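Visitor: In case you want the letters, here they are:
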Amino acid sequence: MISNVIAKFGDDISTDTIYPGRFMATVLPTETPQYAFIDEKELNAKLNSKQVPPNSVIVANNNFGCGSSREQAASTLKGWELIIVARNFARIFLQNSINLGLRTIICPTIEANENDELEISETEIINKTSGKKFAIEPLPQARQAIIDAGGLIAYTKKKLLEKSSKN
Amino acid sequence: MGMTIVQKILAKATGQESVKVGDVVEPRVDVAMSHENAALVINQFLDVYNGTGLEPNVWDPSKIAIIFDHRVPAESSKTASNHKKIREFVSAQGITKFHDIRGDEGGICHQILPENGYIRPGYVVVGTDSHTTTHGALGAFSFGIGATEMASVWTLGTVLNVEVPGTIKVVINGELSEYVSPKDIILHLIGKISAQGANFKVIEFHGETVKNMSTSGRLVLSNMSVEAGATAGIVPADDETVRYLREVAGVTDEIEFVLPDADAVYEQIVEIDASKLTLQIACPHTVDNVKPIEAVEGIKINQIVIGSCTNGRLDDLEIAANILRGKKVNQDTRMLIFPASWKIYKEALTQGYIMDFISAGAVVMNPGCGCCLGVHQGALGDKEISLSTTNRNFKGRQGNPDADVYLCSPAVAAASAITGVITNPAKGVN
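Chains as they are written, first to last, in this note's numbering: chain A, 1424 to 1590; chain B, 881 to 1310.
Please keep in mind that the hints were generated in silico from the structure rather than gathered at the bench.
There are no misleading hints in this set.
Listed below are the simulated EDC-like cross-link pairs for lysine to aspartate or glutamate, each with C-alpha atoms no more than 16 Å apart in a straight line: (1) A:1581 x A:1571; (2) B:1091 x B:1153; (3) A:1586 x B:906; (4) A:1582 x B:927; (5) B:1156 x B:1088; (6) B:1275 x A:1462; (7) B:965 x B:980; (8) A:1586 x B:935; (9) A:1582 x A:1571; (10) B:1091 x B:1119; (11) B:1263 x A:1462; (12) B:892 x B:906; (13) A:1581 x B:927; (14) A:1555 x A:1540; (15) B:1226 x B:984; (16) B:900 x B:1147; (17) B:1049 x B:1151; (18) B:1091 x B:1120; (19) A:1464 x B:1282; (20) B:1049 x B:1147; (21) B:1275 x A:1463; (22) B:1226 x B:985; (23) B:958 x A:1454; (24) A:1555 x A:1534; (25) A:1431 x A:1539; (26) A:1473 x A:1504; (27) B:1275 x A:1434; (28) A:1582 x B:906; (29) A:1431 x A:1534; (30) B:892 x B:903; (31) B:1091 x B:1055.
Predicted model only: the values in this text are computed from it and were never measured.
Using the sequences plus the hints, can you model the full thing?
Guide: Written out as structure tokens, the structure reads:
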């Protein structure tokens, strides 16, 4: 699969940048996408223009999603079906993304710029623009199990039904 | 091999003799806290039950806490409708640890939980708020989760697929100089290990300085541990924990300790000499951009904020009142004060601090998160600068991406209110 990088960020992109606190009263995943990166005006306009195809990529360095536990930061990006590739993620954001099915890829050495084309496989990312390859760090099995179940709601539903059939 | 405090708590919460770092466990939850975002948790919870044919009832209504604090009173009809929806759910489910917008029992969740005795040493506490780390100050394993994960907890009473985290031991020794506070210690630590220095790890706080610190100060250390990325920041329980739970929180039943083993294995040990520490300021736009006050003294401030789940407690207000008493807030700045709970507000009234603040020209707001998260009650104008005792200074944090936020202790905030510029209280303010 070839994906286009629509934005490149540095370290410590906080949930206040991804989804500012002033929109926190909006909770529905159908309503949050419009506010994604709203203070990064160009990126927000690009998303809302609906010209960004699904599986487009945002690339970042370290600690992407630091700060608040607000789940809107994951649902707002999931709404645009984006893929987030970062050197590493803040814990709660990563867990929220896995729970909601937002594709997050840990790629500790990733180098890419806006408009680069990336070929993403299970184990590595090839930057078709620069010709460089970067290894993907697999998710721990405990997290992969939630993705494999189709997200945390489906996973919990399964556990609930198991529990109630035992009682 | 000995276990750290988080290993001990997770072993207990899973009914095992021991757990290793990296083990995947499903711990029982003792307290599950949410605030306004319970509106989203409710949606997700109902979604879990959808199609199962089962009645959507929470696993244990006595273990769920819901506190309105992020947007109180409601700043919009949307928030008011969320509040209404949550009240109806609380009533239908029989949730008892519910704190509405009320002067007799309201406040910020991270103050309401400790002061009502909802937290005990050894508990597993989860909250749909990143600053849920706060409750580690009472010896609990307390961490932030998202709304969907909370829906899962409401359903099952456990947290699914938790990896037992490694631990960084932070040892703090030495006596603090005048005006240097727990806030300066934690800002210094975050600056030292960085905003991701403890990502996916637990911080355990040790040393004489912590031992001699009040619970109010320990809450500051645990609260801001998340700003170094930590899953939790835990102070092992001791006599002071018992004193707080008995005298402040009114706990009368037995208090059990869960403590780390003497031969526990830590991934990293960080030592801090508190006696050498000076006043610390976190500069825009990351919490780890920490500098000694000398580097930023004299910067003009438009808005001063004292409050939040970090520094809105009685001792914080006392320090500020002692500096502000009989003085005036500078005409070129404005000062907002948010006590962390109505209990603290009332104590501050009795002590005369509230009158000190108002007479000085500060505005005393209702307890709550206030302007900290940039929703209401004190947005910043373009190019304005805020000096705040809160916990985050990310771009846009206080409601305007074109404004700057500096973080400091209550003493620095109060002294700076008088001069209108970032000021070291130790140098005297006249």
